[in-house]
Amino acid sequence: MTEQDPQSPGPAAWSDAVLAAALVAVDPAGLGGVCVRAPAGPVRDTWLELLREFLPPGTPLRRVPLHAGDERLLGGLDLAATLGAGRPVAERGLIAEADGGVLLLPMAERITAGAAARITAALDAGEVLVERDGLALRIPARVGVVAFDEGAEADERPPPALIERLAFAVDLDPVSTRDVADEGPPPEAVHAARRRLRDVRSTDAVCEALCTAAQALGIGSLRAPWFALRAARAAAALAGRDEVAEADAALAARLVFSPRATLLPAPEEAPEAPEPPPEAPEPENESSTTPDRPLEDVVLEAALAALPPELLARLRQGLAPRSRAQGQGRAGAVQKSRLRGRPAGTRAGEPRAGARLNLVETLRAAAPWQPLRRRQAGADARRVLVRRDDFRITRFKQRSPSTTLFAVDASGSAALHRLAEAKGAVELLLADCYVRRDQVALLAFRGTGAEMLLPPTRSLTRARRCLAALPGGGGTPLAAGLDLALELALNLERRGESVTLVVLTDGRANIARDGQPGRPRAAEDALAAARLLRGRPLASLVVDTAPRPEPFAQRLAAEMGAVYLPLPHADAARLTRAVQSARPSGT
Amino acid sequence: MAVPFPFSAIVGQDEMKLALLTGAVDPGIGGVLVFGDRGTGKSTAVRALAALLPKMRAVDGCRYGCDPDGGERLCEACRAAAKHGPLKSHLVPVPVVDLPLGATEDRVVGALDLERALAHGEKAFEPGLLARANRGFLYIDEVNLLEDHLVDLLLDVAASGENVVEREGLSVRHPARFVLVGSGNPEEGELRPQLLDRFGLSVEVRTPDDLPTRIEVVRRRDAYERDPQAFIHAWQRQDSKLRRRLVSARERLSGVDVPDAALERAAKLCMALGTDGLRGELTLMRAARALAALEGDAEVGDSHLRRVAPAALRHRLRRNPLDESGSTVRVERALAEQFGE
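Protein chains in written order, with my numbering: chain X, 1 to 587; chain S, 1 to 341.
These aren't lab readings, by the way, just hints derived from the structure by calculation.
Keep in mind that the hints are not guaranteed to be accurate.
Short derived list, chain S residues pointing at chain X, Cβ under 10 Å [to be verified]: (1) 98; (2) 102; (3) 162.
Ideal placement from N, C-alpha and C gives every residue a C-beta, glycine not left out.
Chain X with its partners taken away, still in its complex shape (with noise of 0.2 Å):
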């Protein structure tokens, strides 16, 4: 490896990224492809032009924009073809166009959890099954997928389940271009590793050595040890060796582990290493100096090198990083409100105004008509003769999502109070709202300021999980979780969702909008955050959670234009009710 700055994580990370490419250019099938976690910018471009020269010429990149449609991704009707032709013709979609190479996806954060089922479905089966428009095809499409992760906020991340399918993730996000140097193998090596991988053997001990890593380091999917067996038969395979030797596994276990890693292992699990090495073990000399190492150990370690400090330091506390290990199932429904609806049919009509043609469904109203026509216009035989009534339209099922949005005191007072039962009284609503296939979100206050704990989403095993873990303590920035709240709301509205907001509170603010501690301050800032919330189009409903119905609650509710309900009568009936009314109207 290169020498390394122990100030800058900068090299490291640049020619970790480098290796995963040449790794993924050896073998993109295989292991699925790489997450890249990294703005637009030189750096990026200069690793994809790398990328490029690994993977032997002609072969196909394709860029997936981040709408793209059924018919482009899968592929399906080729109109101008068909109407030519006067038969269907279909058109390959890009996931098959890339059959063989790599598939791109930029903003790979904010792809659909439908959009990011159809590419998964590819990778696991190494074709495209197209049943669209009137054709059925099956279509081999054997491809990488290079994942770019823009996503600015921690919690904005690619679907898991595109994630779980690719072998690497590199962040270039601590690359500067100065550390962006020529190195990594020769693309002539990498082509020539392309052909020597069938021939890689690797023992039974590597595998079961990955294995016993993956688990001590917390990793549950199998695809994971799987990956980083063939990512060390790809590694051998560039290092020009017939067999995959400690250094390749360990370079595996560091790209494929380290980012996937939940936990540390329990210390007698590497016993031999009571310093944590804090820089990156050199495999080659490790290979060579100490060779009586249970390669379990060697393997192992090379994954921990790779953790990121911080999220040691996290993962030492015991907390999983959330971003990897919780944040899970979050994509598809905040982004499926982005569609113009779902669609439902199709009905006779012009394609004006933003409606869409559907082009099978006119063809299929000409077509009885074709011979008729042709005689009376007197046309060739092979032209298809469309009129104005045979169009058909999309029409798309609008449905306005509904997000419910709970608002949880989570302060000391509130925990003291009642806490455990304002949690079960959200898991009401919560159930509540799983017949109504309403969303949730989950926002908590305590301490000094307001968290989202749970963006909307559908899951409600996540949502439950959340509230399960809510702890509570600390003061009540009552102000504070108003204003998040207001803001989520809006948000959600820019996006056409109507937003139910329920604020569970014991209503004793203690802490003003700046963090400082007192009373009169901290109620008149959050009367004012009430105001703010009247006159917006939500429906509220402020559930008031302390023994005995408190006044500043009730006035809070009535500034904000809330109903009010004290949870010392609420029982589940009237909970529901509360929140059914409160709601604007249908649904």
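Position chain S relative to chain X; hints supplied.
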């Protein structure tokens, strides 16, 4: 994937394998839903099952793969032909049809044959996936991401066993009896309750957490990927043994006795759990009978009921929908009460 992974080579995941096998012994159970962690081989198992199924007889030239002895269940063309003497048939593999995400409605239910319509001006029906899945399996991976309007179609057809197409001036009805098999990850979103109810059995899969099993999974997967043919050859005997078991279980199925005591047990169990409707009991009985047939037992006993009860009932509890993990526990608890430890 040209050759699927052999079913008998799947390590662990016994509940999933058992549910798929019982579902294959008695299609009347109503399909299997496999929900669980990523990377646990859900799709692998379903595709493996396809390769395991014994071939079936189908009427020559029938687009719906009618059973020559189908009687009432024949399609119109076959019924008309049957009047003129016995139907000719040949052996075909049991269809296991994938319903991929992004499928359009016309391909699912069938529609006007575009090619013939455009080229020859003929109005002909082109059967869709539901027709192809008749008498076989319809597999939906990521079933919770399936578009709502497709789910509606499926619910209707799965309930009636018949696909009625009324579109583009076509009016067609054809048999569409299939076993619905779905898989997905609950974290991607919930399944609509109506669809959930359609599945006879529901299993939860978890990643194995003991090391030897995990190593074995990776090792076999690797052997398969490196040389699929040799791997399949190595497992061929096991697979054909399993296939024979499946065939004889099917033959034996109608002869398996369901004593009154077992019926009572099942009813008590369902009452204790407060399942909605009678479907829970029916499914429980059928699944227990299929299991008994699979194991070569002459009558349904407590052990059969006990083993299939979680899969048959866990998704039918009148439940707190948030308490997904709890439903398995509730079934186990009720089982312990009914049968004793």
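For each hint given before, does the structure comply? Return the numbers of the non-compliant ones in rising order. Hint 3 is the one this structure does not satisfy, whereas the remaining hints hold.
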